[in-house]
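Q: Model the full assembly from the supplied sequences, consistent with the hints where possible.
In the order they appear, the protein sequences are chains Y and P. Sequential numbering of the first sequence, starting at 1, is according to our numbering. Sequential numbering of the second sequence, starting at 1001, is according to our numbering.
FYI, nobody ran anything at the bench for these hints, they're computed from the structure. Please note: incorrect hints may appear among the correct ones.
Keeping only pairs whose Cα atoms sit at most 27 Å apart, straight-line, the calculated BS3-like set for lysine-lysine is [said to hold, decoys possible]:
#1 Lys305/Y <-> Lys353/Y
#2 Lys147/Y <-> Lys188/Y
#3 Lys1042/P <-> Lys304/Y
#4 Lys1009/P <-> Lys1137/P
#5 Lys1191/P <-> Lys1014/P
#6 Lys201/Y <-> Lys1214/P
#7 Lys1197/P <-> Lys305/Y
#8 Lys304/Y <-> Lys1214/P
#9 Lys304/Y <-> Lys201/Y
#10 Lys1214/P <-> Lys70/Y
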Amino acid sequence: MSVKLEDYEDFLSDVPAIRDVLEGTFHEAARTMSPTGLENYLNGAKALCNLGRGNDLVVTYLQEMPLVVKECGEDIIEDCLTAAMKLSSMTSGEVIMLMFQSLPSAARNLGDAQLLRGYLTFIHQFASTAARGLRPMLNHIDQLLTKLTLSGLRRWATFGAQAYRRDFDNLVTYFNLESADSKAMLQKERRGVLFVRIQRKLNFYLRALWGRDFFVRPTGADYTDFRPYIEHRILHVPDAVDNVGDVSGLDLYRATAGHMASHMCYSTAPISAEQLSPAQMFFIGMLEDARVEYEAGMEFPGLKKLWMSLITMDEENQEKAEHETMPVLLHIAHMLMDETVTIDDEQITAFVKKFHNEIQARQDDNQFSWHMGMELFHLFADRKAVPSLRILERIAIPYRDDNRYVWEFEEFDFNTEY
Amino acid sequence: MSDITVDSKQYLVKEEPYYEPVGNEVALYEAAYNARMPMMLKGPTGCGKSRFVEYMAYKLGRPLITVACNEDMTASDLVGRFLLDKDGTKWQDGPLANAARIGAICYLDEVVEARQDTTVVIHPLTDHRRTLPLDKKGELIEAHPDFQLVISYNPGYQSLMKDLKQSTKQRFGGLDFDYPEESIETAIVAKESGVDKDIAAKLVQISHRARNLKGHGLDEGISTRLLVYAGQLISKGIDPLAACSMTMVTPLTDDPDMRDTLDAAVQTFFS
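A: Rendered as structure tokens:
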């Protein structure tokens, strides 16, 4: 199937201004889009023309969309059009045009189609709560998105929208980034390192270590219990992270991606979750983390050191732990990584000693993690000291993923389509 | 004959160069030399091609004349030219003519750097004729029975821009070189630089990390030569991180992201 500009002659003959622009953008679009994507692109232009909000809107759409597609893929075209149609009932054509103008920058800074969809949803929600702030905000969107994640932007905008709901002058000042509280809020929401800034470095790093490519995607980490995760062989990491003590955001990304890559490189089969309680699964997952980190640490001693620095850092901040077991679990995680670390508890000492005695011989066997994990679970269960799952899952090891991969291991298969 | 005489002994390799065989390349080369077959050595930079030729020249007891090829090199630079001095005009043989006369191994290093029309002058020396016509002088040199021509080049990034003509390529036997396997490379680095085996093994590990990035941001991986440089600095008491950064990161790339990654790879082994 091929899409030709001539097929749209009927529509273009009515709007010569658009035809001139389209002749210029069509070739660029044809390079970045498949025939289906190109068809959607042109049909989108037609639909926007029919919206009757002026030619400038259509021209902006035609010019900006290929840039957005280049960053986030052509599936996003329909989402952008839907967002524009929704906005058309709330705001002027000029603001919709500004929304389209903001998309290349948003796509570049968010770096992921799913996050861009989140951005479109945010714009829609924002238009329904503080429509007057939309225009000034979109005028500064590039500046905002280079500093904030999507969730940061949402919080920054929500604060302004709620604070100045009925004070239109201050609302505009806030979203023009002119007021002191606007800048203060921006500073507060600003995160250490945005994923898009270090994505290339991270890809190089993983390739250097394991000699293969990993797909790493940013994910909106705007809720408290967010954990990185592996799904469909893609590493989902937070869209931004702060420095943790002396460990820079980039190193935290490296630690996180390195840990998840270790799961993928040193796992050959899933662990059966049959007849296991979520708490038991947590303990087995913890031992599986220790096993893959042992293997990675043997190959890359510096990576182990980096992980250890993050574990010990959190160990030091455990005075306010929700449950007395949590600091102990964190300490056990540290002991599993470093056999010189001790604890004043005979049972735990014996358990960790057993791990270190057997790990070398059973490093490739995740059933070892199953048995050791269950042993650790029973050790705490006998003491009636197993915290609730909510508390367990909040264990303060910032670089570890949620371990869903341990249970849903996917073997690579060329015939599987995702 | 050249008007300026050349002492062939100066081209002899005096001490046995250290060379660690990685396969059967020594036996293959010896067989090729016995047949006086021109040889082509292909491999990435710093993997030991030049060292191998030196080693073979020493082993075979033949003089070695090495020419570092470049794109300004002309055919006269290889075969010779008339020079003017106070007594008049004298013919000066080029390195190729010299080698053909004295029965040396003539090694044209990085031959693809020379222009293709320049390399054509080696054609008559590399087939059954084994002659070198000196057109300007009106002389035809019959190559010494011990003469052999060896060329080397890097088929990676260089061949994107430059390559040998097929008519040149098909006059040579070829040996493929690559970075040695881990244990051999570790032994080479330890021996050449004087560091202990543990440090040498770490340096080799770092180079493997960089070689994983070849074609993915790096044109070439870290060569064995650079590992030896790093080892030499470490054995002189320089901090390993600084030594690696100086010899294995800075020369390799100007891309800040790539440098950062290579520094992180170094820290993975020397932190």
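Q: For a C-alpha distance cap of 27 Å, please report whether lysine 1191/P and lysine 1014/P respect it.
A: It holds: about 19 Å lies between the C-alpha atoms, which stays within 27 Å.
Q: Just to be careful, I want the Cα atoms of lysine 147/Y and lysine 188/Y compared with a cutoff of 27 Å; is the pair within it?
A: holds, 11 Å
Q: Decide if the proposed pair is consistent with the structure: lysine 201/Y and lysine 1214/P, CA atoms, cutoff 27 Å inclusive.
A: holds, 15 Å
Q: Taking 27 Å as the top limit, are the C-alpha atoms of lysine 1042/P and lysine 304/Y close enough?
A: Measuring from Cα to Cα gives roughly 39 Å; hence the hint is violated.
Q: Does the alpha-carbon distance linking lysine 305/Y and lysine 353/Y stay inside the 27 Å limit?
A: Cα-Cα ~20 Å, so holds.
Q: Can the restraint linking lysine 1214/P and lysine 70/Y be considered satisfied, given a maximum Cα separation of 27 Å?
A: Given that 27 Å is the threshold and the Cα spacing comes to 25 Å, the pair holds.
Q: Taking only the CA atoms, is the gap from lysine 304/Y to lysine 1214/P under or equal to 27 Å?
A: holds, 25 Å
Q: Is it true that the CA of lysine 304/Y sits at most 27 Å from the CA of lysine 201/Y?
A: holds, 19 Å
Q: For lysine 1009/P and lysine 1137/P, compute the direct alpha-carbon distance and say whether it is at most 27 Å.
A: holds, 26 Å
Q: Verify the proposed pairing of lysine 1197/P with lysine 305/Y, using a straight-line Cα cut of 27 Å.
A: The hint holds at about 22 Å.
Hint 3 alone, counting from the list given before, is not met by this structure.
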